[in-house]
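Take these sequences, add in the hints, and give me the full structure.
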Amino acid sequence: MKRKKPTSALLTALSFPLPERLAEHLTPRRILLLGIAFFVVLIAAFPLLWMISTSLKPDREVLAWPPYFLPKHPTLQNFWRLFTQTNFLIYFKNSVICASLSTLLSIAIGTMGGYSLTRFRYWGREKIAMLSLLTYMFPPIVLIVPFFILFRAIGLVNAYSGLILAYVSFSLPFSVWLLRAFFLSIPLELEEAAMVDGANRLEAVVYIIMPLALPGIIATSIFTFIVAWNDYLFARILMGQEELKTIPVGVQDFFNMAVIDWGLIMAAGMMITIPALIFFISSQKYLIEGWGAGAVKG
Amino acid sequence: MWSKEARLGILLILPTVLLLCLLILFPILYNIWLSFYAKHAFLPLQSWVGWKNYLSMLSDEQFWTSFKLSLIFTVSSTAFQIVLGVLVALLLHERFWGRTFARGVVLFPYMLPTIVSVVLWKWVLNDQYGIVNYLLQAWHFIKQPIVWIGPSNMMKSLVMVSIWTYFPFVVINVLARLQVIPLELYDAAKVDGASAVGRFFYVTLPQLKEVLFVVILLRGIWMFTKFDIVWLWAGDFGGLGESVRTLPIYTYMKTFGQYQVGLGAALANLMFMMLMIAVTIYFRVFRRDEEVE
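Line by line, the protein sequences give chains A and B. According to the working numbering, the first sequence is numbered sequentially starting from 1. According to the working numbering, the second sequence is numbered sequentially starting from 1001.
No lab work stands behind these hints: they were computed from the structure. Among the hints, a few may not be true.
If you want the footprint, here are the derived chain B segments under chain A, 3+ residues with CB under 8 Å [what the hints assert, rightly or not]:
id, stretch
1, 1108 to 1119
2, 1144 to 1151
3, 1228 to 1235
4, 1256 to 1266
Each computed BS3-like pair below joins lysine-lysine, with the alpha-carbon atoms no more than 30 Å apart [said to hold, decoys possible]:
id, chain 1, residue 1, chain 2, residue 2
5, B, K1143, B, K1156
6, B, K1209, B, K1068
7, A, K72, B, K1143
8, B, K1068, B, K1156
9, A, K127, B, K1004
10, B, K1209, A, K127
These numbers were taken from a predicted model, which means no experiment stands behind them. Glycine residues also receive a C-beta, built at the ideal position from the N, C-alpha and C atoms.
Have a look at this one:
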């Protein structure tokens, strides 16, 4: 489409009868489209908005009937109780430790593996790639029993290291698969050229490959982090002690209280969602890329 | 030179292979071994029972109920996720004001930890204080509040929550594919006089076949093996949760509730075999060349 000069576009827009440009934008089809889009966004966002509203309401308003959206006396008392009267901060700390350490490990191992799978030839190379795909089929419940028995035998139950190891083996096939796809997209000639120019392999990898693979590595880290951050089953089985519980397990146990404290639970929900939201917004670009490489092409 | 290269490659892949063995080979073999024993989860009691664990499942009514519930849950939640996901992807592919924002909002539920989507839907659907019941009553759709998280509606509400939580996965994959469909195809179809609906069926859908093949496969597998959202949604499997006691839940209960590890292992193996059979059939029916890209 040809771009009109701003002045003439303005003139067209202001002219009467119904301006051409506006008419172009507000066809019945477009209005319908906007309406449906608004509806879809509302459905997707409504439970979240309701959570925000509830978390800011004082007790009396949480259970008010009829319910209303805007808190009349907004307060942070739910958050205050969450931090002072429950072990939420301990759960939070545990979740951060386990999710971030397992992500680091999984990415380190997965990067080496993904690089090796795309740059070297040896027996069984394709089989390893297929094996990692096969784990998509694994019911987590199949893994948990052998893990539990093995870990109990070697004393890794109720220990950070046990849960971290479980998360690494759980997310590794996925990160190897994703990273392999990213490394495949980087032409071999690049590092060959660098090595012809006198760089050794390590230098070629550090200066040529890593900068190109970085978006892929970031995308993969986000996925592995989320897998660990969201996990309920492994944490439930492997971390029985109160001071070792992660957020999903700890928050689920809030439902065991005599009276379910919805304000408190919604505040906890907010505290889990905010980091996810920040993460999501700041990394949306990489996430889309990762999805493209991992799930569409592979 | 060549062998030195190969050695480096093998050295780099070694940690991955070791962990994959720990993850895949060990659990498979150990589960098979376990499934022939009657073993207690905590006490050092175990004895060889042969095929008894498997045979007892075949005559176990609860097992078949769980199997049925698993099928209902998997098929209904996957089907709705796919249909809704494709529709929303088509919508978000159109140009309209605020599209980027709409995309972000729609994709976000997939990023939420399961526990959050569970607690917020439990609150929204609460029978006494929930906003959904209030709105339905205020708009005169219903007279009495619906007990969403009660025995008769548990499966429906669980499927609903699963759709809300997981359909963005479908959206993002389909959307990524939609963006690379060559526009000339649509122009050609227009010249041939195809309507909007015709263009969808003759141009868009064939182009989406590949991605839908993978997405349906993955979503189906993941819904069949899903533990956490089902477990968290029901919360209590003593009474209420019976109506959503799918196979993963049943396995968990046998293993960690009744401490019958051998039986649990047999169940897990049965589940895995069912999945393998279903996946094989799926490949046979929908893809003759049997190629995974």
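A quick look at each hint next to the structure:
Look at the stretch 1108 to 1119 of chain B against chain A: 10 of its residues bring a Cβ nearer than 8 Å to a Cβ of that chain, three or more, so the hint holds. Against chain A, the stretch 1144 to 1151 of chain B contributes 0 residues with a C-beta closer than 8 Å to a partner C-beta. That does not satisfy the three-residue criterion, and the hint is violated. Only residues whose C-beta sits within less than 8 Å of a C-beta in chain A count toward coverage, and the stretch 1228 to 1235 of chain B has 4 of them, enough to reach three; the restraint holds. For a cut-off of 8 Å, the count of residues in the stretch 1256 to 1266 of chain B with a CB near a CB of chain A stands at 4, and the three-residue condition holds.
At most 30 Å may separate the alpha-carbon atoms for a hinted pair to count; B:K1143 and B:K1156 meet this at roughly 19 Å. About 29 Å separates the Cα atoms of B:K1209 and B:K1068, which keeps this hinted pair within 30 Å; it holds. This hinted pair checks out: A:K72 and B:K1143 have alpha carbons roughly 28 Å apart, not beyond 30 Å. About 15 Å separates the Cα atoms of B:K1068 and B:K1156, which keeps this hinted pair within 30 Å; it holds.
Note on A:K127 and B:K1004: the hinted pairing holds, with a Cα-Cα distance of about 22 Å set against a maximum of 30 Å. Annotation: proposed proximity of B:K1209 to A:K127 holds, straight-line Cα distance about 26 Å (limit 30 Å).
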